[in-house]
Amino acid sequence: MLDDFFMRALVAGIGLAVVAGPLGCFIVWRRMAYFGDTMAHSALLGVALSLLFEINLTLGVFMVAALVSVALLLLQRRGGLSTDALLGILSHSTLAIGLVMVAFMSWVRIDLMGFLFGDILAVSKLDIAFIYGGGALVLGLLALIWRPLLASTVSTELAEAEGLNPERALFAFKLLMALVIAIAMKLVGILLITSLLIIPAATARRFATTPERMAVIASVAGALAVCSGLFGSLEYDTPSGPTIVVAALILFAASLIPRSFFGLRPQPTGDKTP
Amino acid sequence: MLKSRTADNERLIEMHDVGVRRSGRWLVRNIDLTVRRGEIVTLIGPNGSGKSTTARSAIGLLKPDEGSVTRVPDLKVGYLPQKLSIDWTLPLSVDRLMTLTDRHSPEEIGVALEEVGIPHLRQAEVQTLSGGEFQRALLARAMLRKPDLLVLDEPVQGVDFSGQVSLYALIKQIRDRTGCGILLISHDLHVVMADTDTVICLNGHICCRGTPESVASSAEYLRLFGTRAAETLALYSHHHDHTHLPDGRVRHADGTITDSCSPGDGHHHHPHEHSQQEQAREGWTGHA
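So the sequence lines, in the order shown, correspond to chains F and U. UniProt numbering applies: residue 1 is where the first sequence begins, and numbers increase by one. UniProt numbering applies: residue 1 is where the second sequence begins, and numbers increase by one.
Heads up, a few of these hints could be off.
[What the hints assert, rightly or not] Per label pair, the in silico range of CB-to-CB distance: (1) U:D74 - F:M105: 57 to 63 Å; (2) F:P239 - U:G158: 48 to 54 Å; (3) U:G158 - F:Y34: 25 to 31 Å; (4) F:T156 - U:H16: 25 to 31 Å; (5) U:V72 - F:G88: 45 to 51 Å; (6) F:G140 - U:S23: 39 to 45 Å; (7) U:D102 - F:R77: 27 to 33 Å; (8) F:G79 - U:K63: 18 to 24 Å; (9) F:G88 - U:R21: 44 to 50 Å; (10) U:F161 - F:G88: 44 to 50 Å; (11) U:G60 - F:R109: 55 to 61 Å.
[What the hints assert, rightly or not] In silico negatives: residues of chain U with every beta carbon more than 12 Å from chain F: (12) V111; (13) A112; (14) E115; (15) A169; (16) T178; (17) T211.
It is worth saying that the hints were derived from the structure and are not from the lab. This one's a predicted model, so the numbers in the text were calculated from it and none came from an experiment. We put the beta carbon where it would ideally sit given N, CA and C, even for glycine.
From just these sequences and the hints, can you work out the full model?
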């Protein structure tokens, strides 16, 4: 089954979407979209450094993304500039440094477009093993930090006062994000990773009544986007990564259509009457 | 009456001469504070006076730079945060809010919501609740933990007057029923819960402390609220013998200006007369 490149792409994409769903929910709840973008952009610097020092690409990208989150933490503690401005600086300077470094390394030929927009059709069996192994690790660790992370999403002070450790949970979450970005880069590319985290989560909001359900629905919505995007790119001969994002966007747009449009009664959630 | 009931009770928290310093500035200093089981202690003071800093160091979230804090071992804290900005995208029902930091059975949750008077809101999303309903939900959540100490950071903020009265009544009821200690923070300087055992007025240091009952009867403000309200509300007004200047220095009653208002500088007398006129003239906002 995995001998066909299209099947490999499907299996890899669905695996990634399942992991991205719950993570994306926290990114949306905690308003960390720009932070995710910054981490993703820094991946190109990770690529350049991995090529320079001849280390594993996924490892290099993970380490640089993790370092960026530490750098942000230190810059925030120092005070002065707003987080927004710091993210803007880190995001684009890491991307630019990566591009400059790659240009200097004349001895390596790299497919820059492949890194920026991904090449899901070139996924190997080893990549799939990476996605499912790494993905299981990410989901397992996320389950472990779920309670403190969710509690601190509601109120950091409350979580702290009641004996949880929100700072540690948040740091662990950032490492998980770095790991997912490192895994996802090859599939959808540096510029589109965040969309795969955020759009399915935003789509899920409408249908969810608890945080946990929203995480599951986000995974399903992401998998649906990957499937329809891949089939779409096959059908219309369009680049696969961007087509997946367009498919996710169409799903999101569909989730905005009011229920009355289909002749249904408005949803009871959010209403105070039992 | 309350005094005798709580006199022998266990000390949950004891702070001695606590000071917290951040970036070269003392946020609070010389804080002595005790909270016993069954006791309600209210911290009042203007914005930036160090109420939250004091409460945070009391429950161990901040390490004081001087002084000592003693807590009973395994002190279980229930916490009501000052303000919450829960993103609309987080689907959080009142029911799910109850198990945010601990597991509880559905029956326990039902009982807790019944006790705070919002059983009908169990499935409602928290973002749709009014200020008072939300505070009740948070109270139920904190109570489910069966805490030794309840820390309430401005619990009546954004709640209308009659809502404040009933919230205070509910807090008193919780104290009476569970016997937990309560540390209450308020920046509302005129209205303090009448059932408070000790009111501590903060402005970087403890300006004064006392029972609200002693001031409630003499306060002119009570005329505005009437005698019925007087049973639930207390006015706590007092006169300051020094003024905190914008640059952090202190002008004392005799006109001298010093760097701090700590007792060591020889200018600190604190007569603390309770005078409405003085307070109206001095104004709390100008004091910060």
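Do the hints match the structure? See the list:
1. U:D74 - F:M105: 57 to 63 Å: Once the Cβ atoms are compared, 58 Å apart, the range 57 to 63 Å for F:M105 and U:D74 holds.
2. F:P239 - U:G158: 48 to 54 Å: holds, 50 Å
3. U:G158 - F:Y34: 25 to 31 Å: For F:Y34 against U:G158, whose Cβ atoms are near 29 Å apart, the range 25 to 31 Å holds.
4. F:T156 - U:H16: 25 to 31 Å: holds, 28 Å
5. U:V72 - F:G88: 45 to 51 Å: holds, 48 Å
6. F:G140 - U:S23: 39 to 45 Å: Roughly 40 Å apart at Cβ, these two residues keep to the hinted range, so it holds.
7. U:D102 - F:R77: 27 to 33 Å: The hinted range 27 to 33 Å holds for U:D102 and F:R77, with Cβ atoms some 31 Å apart.
8. F:G79 - U:K63: 18 to 24 Å: holds, 20 Å
9. F:G88 - U:R21: 44 to 50 Å: Given range 44 to 50 Å: violated, Cβ gap about 33 Å.
10. U:F161 - F:G88: 44 to 50 Å: At 45 Å between Cβs, range holds.
11. U:G60 - F:R109: 55 to 61 Å: Given a distance of about 58 Å, which is inside 55 to 61 Å, the answer is holds.
12. V111: The claim stands: U:V111 keeps its Cβ more than 12 Å from every Cβ of chain F (closest is about 17 Å).
13. A112: holds, 15 Å
14. E115: holds, 18 Å
15. A169: holds, 23 Å
16. T178: About 16 Å separates U:T178 from the closest Cβ of chain F, which puts it past 12 Å; holds.
17. T211: With a cut-off of 12 Å, U:T211 remains clear of chain F, as the shortest Cβ separation is near 27 Å.
Going through the hint list in order, the structure does not satisfy hint 9, though it satisfies all others.
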